[in-house]
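Here is how the chains run, residue by residue.
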Amino acid sequence: MSAMDPTEVFRQEASELFEVLEGALLDLGQRPDDRELVDSAFRALHTIKGSGAMFGFDKVASFTHEFETAFDRVRKGEIKPTQELISVALAAKDYIRALIEDPQSTDDIIGEAILDDLRRFVSADQPAAPVAAIAEAPPLSPAESKQAGWHLYLEFESHILRNGSNPLDLLEDLCKLGPCFVVPITDGIPFLDEMEPEDCYLKWDVKLHAACDKDAIDDVFMFVQDEMKLTLSPLEQVEAPAPAPLFQLLDEEPVAAVEMAAPAIEAVAAPAAEQPAAKAEPKPEARPEPRAEAKREERGIATVRVQAERLDELMDRVGELVIAQARLTQLAASGSDLSIKMIAEEIERLASSLRDTTMGARMVPIGSLFGRFRRLVHDLSRDLSKPVEFVTSGEDTELDKTMIECLADPLVHLIRNAIDHGIEDTATRAANGKTEQGRIELAAVHSGAQVLVTVKDNGGGLNTARIRAKAEEQGLIAPGAVLSDHEIHQFLFHPGFSTAQTISALSGRGVGMDVVKRTIENMRGSIDLSTRSGQGTTVTLRLPLTLAIIEGLLIRVGEGRYIIPLSAVEECVELTAEDERSRGRNFLNVRGNLVPFLRLRELMAASGVPDRHQKTIIISTGETRVGLVADQIIGNHQTVIKSLSKLHSDVTIFSGATILGDGTAALILDVAQLVSLAQSKVEKQHINEAA
Amino acid sequence: MALNPMEPKWSLRLPADCSIAAIRNVYELIREAFGRQERLEIDCSSVDKADVTSIQLLLSTAKTGEAQGRPVVLTSFSQSLRNTLRRAGFASEALIDQHFPQKKDGI
Chain B
236 MSAMDPTEVF RQEASELFEV LEGALLDLGQ RPDDRELVDS AFRALHTIKG
286 SGAMFGFDKV ASFTHEFETA FDRVRKGEIK PTQELISVAL AAKDYIRALI
336 EDPQSTDDII GEAILDDLRR FVSADQPAAP VAAIAEAPPL SPAESKQAGW
386 HLYLEFESHI LRNGSNPLDL LEDLCKLGPC FVVPITDGIP FLDEMEPEDC
436 YLKWDVKLHA ACDKDAIDDV FMFVQDEMKL TLSPLEQVEA PAPAPLFQLL
486 DEEPVAAVEM AAPAIEAVAA PAAEQPAAKA EPKPEARPEP RAEAKREERG
536 IATVRVQAER LDELMDRVGE LVIAQARLTQ LAASGSDLSI KMIAEEIERL
586 ASSLRDTTMG ARMVPIGSLF GRFRRLVHDL SRDLSKPVEF VTSGEDTELD
636 KTMIECLADP LVHLIRNAID HGIEDTATRA ANGKTEQGRI ELAAVHSGAQ
686 VLVTVKDNGG GLNTARIRAK AEEQGLIAPG AVLSDHEIHQ FLFHPGFSTA
736 QTISALSGRG VGMDVVKRTI ENMRGSIDLS TRSGQGTTVT LRLPLTLAII
786 EGLLIRVGEG RYIIPLSAVE ECVELTAEDE RSRGRNFLNV RGNLVPFLRL
836 RELMAASGVP DRHQKTIIIS TGETRVGLVA DQIIGNHQTV IKSLSKLHSD
886 VTIFSGATIL GDGTAALILD VAQLVSLAQS KVEKQHINEA A
Chain A
7 MALNPMEPKW SLRLPADCSI AAIRNVYELI REAFGRQERL EIDCSSVDKA
57 DVTSIQLLLS TAKTGEAQGR PVVLTSFSQS LRNTLRRAGF ASEALIDQHF
107 PQKKDGI
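Here the protein sequences line up with chains B and A, keeping their order.
Here the numbering used here is used: the first residue of the first sequence is 236, the next is one more, and so on.
Here the numbering used here is used: the first residue of the second sequence is 7, the next is one more, and so on.
Derived from the structure by calculation, the hints contain no laboratory data.
Check each hint, because a few of them may be wrong.
[Unchecked claim] Heads up, incomplete: computed chain A residues facing chain B, CB under 10 Å, no partners named:
| id | residue |
| --- | --- |
| 1 | PRO21 |
| 2 | ASP23 |
| 3 | ALA27 |
| 4 | PHE40 |
| 5 | SER52 |
| 6 | LYS55 |
| 7 | ASP57 |
| 8 | LYS69 |
| 9 | PRO77 |
| 10 | VAL79 |
| 11 | THR81 |
| 12 | SER82 |
| 13 | HIS105 |
[To be verified] The calculated lysine-lysine pairs, modelled on DSS-like cross-linking and capped at a C-alpha distance of 27 Å, are:
| id | chain 1 | residue 1 | chain 2 | residue 2 |
| --- | --- | --- | --- | --- |
| 14 | A | LYS55 | B | LYS294 |
| 15 | B | LYS315 | B | LYS449 |
| 16 | B | LYS621 | B | LYS691 |
| 17 | B | LYS449 | B | LYS411 |
| 18 | B | LYS636 | B | LYS877 |
| 19 | A | LYS69 | B | LYS464 |
| 20 | B | LYS669 | B | LYS621 |
| 21 | A | LYS69 | B | LYS411 |
| 22 | B | LYS636 | B | LYS576 |
Ideal Cβ positions, reconstructed from N, Cα and C, are used throughout, including at glycine.
Full structure from sequences and hints, please.
Written as structure tokens, this is what we have:
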């Protein structure tokens with residue numbers, strides 16, 4: 236196992252921080268007064284800046300610093316984040332991302348232009364000088380009026396530098412509040428042999444000669460407040476004039492700095508070095524809260540970052556174990572040794588529990604995916620001049636990480652379609668008595684062994700007549716053929732099918748929905764459309780929880796054995812003599828409903844004599860049900876999915892294979908493909924009947 | 007950045023990057039120099055990236071040298087290092103002398 240490249244760690248962390256930043260910026264557009272969002276955006280920026288500098292991404296650090304500085308007036312509440320400002324801030328975020336992920340693609344001129352825009356927006360409503368801002372502050376209470384400033388003691392946790400935080404930047408920010416005297420406390424510096432060079436050992440004693448309020452100081456340390464001790468005590472009014480500020484002196488001649496600052500430092504340094512006055516009598520509110528410390532500890536052990544490949548490897552191992560366990564169980568069942576049977580049962584139980592735990596470790600909340608679509612909606616809404624409200628729910632719903640990765644592109648297509656084709660322009664909406672702002676809902680919910688992801692819009696709904704006309708024009712159906720609306724809507728998933736009258740950058744080329752369907756079906760999921768004219772369209776994706784190990788139903792057809800994913804199985808019925816007599820029509824009567832069925836013996840070209848009592852397994856994808864006729868239902872089976880070789884890649888009715896307890900292989904049936912096959916047979920029958 | 011025996015005094019020139027990204031290498035260099043030299047001169051003229059870790063390492067070096075009775079002379083503080091020292095509060099000559107008694111051509 237190799238250690239991870241530190242810059243790669245940074246890239247991954249930055250990627251997560253970008254999501255937080257983007258989410259906060261987008262939310263800020265909706266809730267400009269939410270201070271927590273501003274703080275959250277700043278925390279993300281600050282960490283990107285600090286970590287970037289630490290890992291040698293100097294351009295990232297300097298650009299982010301400029302971004303932070305320009306955005307600082309938002310943080311101070313001096314200006315409100317307008318939509319324009321949010322858009323520029325998002326562009327700045329994209330630029331930082333490019334600087335990290337693909338620096339060759341970036342151009343300093345673009346970066347500078349973004350910063351100029353940012354500065355222009357934030358300085359458009361320039362307030363009076365900071366002095367005036369202080370003058371506007373509420374008058375000090377009698378107790379406070381004697382206060383000449385603050386005495387601070389700063390002690391950071393040893394790991395703070397590794398996190399990318401820089402105490403010197405914080406000291407500099409503190410000194411912006413007013414004349415500031417910083418005295419380093421060096422008694423914690425160890426000998427060389429005992430030193431961890433990346434740890435923080437310096438502490439500081441600071442006298443801030445400014446009548447600012449405590450919140451202003453807290454603001455300076457807001458990003459690191461959980462990782463430091465900060466004690467604050469008011470400085471009493473002293474008769475001596477406030478000494479010159481340290482950071483005003485930095486650019487002056489060194490001699491001047493020494494002459495002016497030295498006496499004050501000497502005076503403060505002595506007590507501070509021994510025991511900081513503020514630490515001796517800490518103010519109650521300044522004492523680090525035990526709860527915060529407990530929280531820090533909790534956070535320390537709450538998560539461990541693991542490479543995704545290792546989780547895949549672990550899942551593979553568990554898969555092998557499940558197969559070996561199946562073999563053991565079979566072996567134990569064939570013998571009469573009771574103790575072996577007991578061990579086999581115990582191992583079966585443990586393997587099953589290990590499988591669940593491992594699968595749980597691979598589960599990721601779908602919210603991590605939803606977050607990125609908010610930007611998509613924001614940008615499309617702006618580009619198409621269609622105000623759209625984007626609502627998400629069920630972000631905590633967990634799905635296998637591989638599924639989450641595969642789901643991103645299909646959802647991008649669906650959301651684009653919903654905004655471009657679904658949501659009407661504002662004039663049309665107004666004419667139809669709708670609100671000007673359209674609405675897209677993205678939701679996820681658990682449903683048995685599946686997760687349902689829905690994309691719902693409140694637009695005009697699908698134009699069934701136009702879809703039908705297009706399908707007839709393309710020769711997909713015979714003119715005048717009797718088809719339900721649901722069947723007509725399925726043409727949208729046909730390759731190259733588009734009803735858009737114009738091709739835009741977003742859609743209209745007919746490439747997309749068929750790819751979406753294929754991708755979802757490759758994940759052993761299904762896609763379903765429902766629409767109401769004038770009210771909108773809902774696209775529902777049904778996805779299995781995982782792609783690695785599934786519960787399957789083992790069946791026999793002739794001599795071959797096959798697995799049907801149990802999540803798709805609705806029920807099993809016996810093929811009656813009446814159903815048998817319907818040969819040629821292939822419909823079952825299930826409690827009064829006609830369900831088409833496929834004879835797997837015919838499909839698999841099975842040899843030998845069929846079993847006398849054929850069984851039918853009713854499977855479903857979405858709202859479509861199909862029966863599969865098999866010779867025997869053997870039982871449920873923990874199915875470790877193995878990919879098919881390239882030789883079998885064109886056999887569409889199988890989605891994979893598995894190894895059974897006796898070491899033989901069984902093919903896994905692709906439910907979506909079988910349903911589609913049955914449907915096409917039904918359609919052909921319709922056309923023949925119509926002809 | 008390596009020890010140069012051709013110079014009249016054994017000296018270790020610190021590399022340009024003494025920030026946290028490279029501090030462990032600098033730390034190893036100094037420890038190695040400590041193990042090999044009786045008298046150590048550390049040339050800080052090339053340092054153009056410094057931060058808290060650089061200051062701490064120099065402080066620790068000075069402290070260790072003093073405790074072991076082996077003088078460590080710090081020479082030619084670069085502008086970058088001086089700025090970092092000032093930002094950390096080492097704003098006066100007196101304060102720097104207090105912590106780096108063996109400093110030469112100082113700030």
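Results of checking the hints against the structure:
1. PRO21: Since the shortest Cβ distance to chain B is 14 Å, the answer is violated.
2. ASP23: holds (8 Å)
3. ALA27: Status holds, d = 5 Å.
4. PHE40: Cβ of PHE40/A sits 7 Å from chain B, so the hint holds.
5. SER52: SER52/A check fails; min Cβ-Cβ to chain B is 18 Å, beyond 10 Å.
6. LYS55: At about 9 Å, which falls below the 10 Å cut-off, the nearest Cβ of chain B leaves the hint on LYS55/A intact, so it holds.
7. ASP57: Cβ of ASP57/A sits 7 Å from chain B, so the hint holds.
8. LYS69: holds (6 Å)
9. PRO77: violated (15 Å)
10. VAL79: Constraint on VAL79/A not satisfied, violated at 16 Å.
11. THR81: violated (17 Å)
12. SER82: Cβ of SER82/A sits 14 Å from chain B, so the hint is violated.
13. HIS105: HIS105/A check passes; min Cβ-Cβ to chain B is 6 Å, inside 10 Å.
14. LYS55/A x LYS294/B: holds (14 Å)
15. LYS315/B x LYS449/B: holds (23 Å)
16. LYS621/B x LYS691/B: holds (16 Å)
17. LYS449/B x LYS411/B: holds (14 Å)
18. LYS636/B x LYS877/B: Given pair LYS636/B, LYS877/B holds - Cα atoms ~18 Å apart, limit 27 Å.
19. LYS69/A x LYS464/B: holds (25 Å)
20. LYS669/B x LYS621/B: holds (13 Å)
21. LYS69/A x LYS411/B: Roughly 33 Å separates the two Cα atoms, so the pair is violated.
22. LYS636/B x LYS576/B: violated (36 Å)
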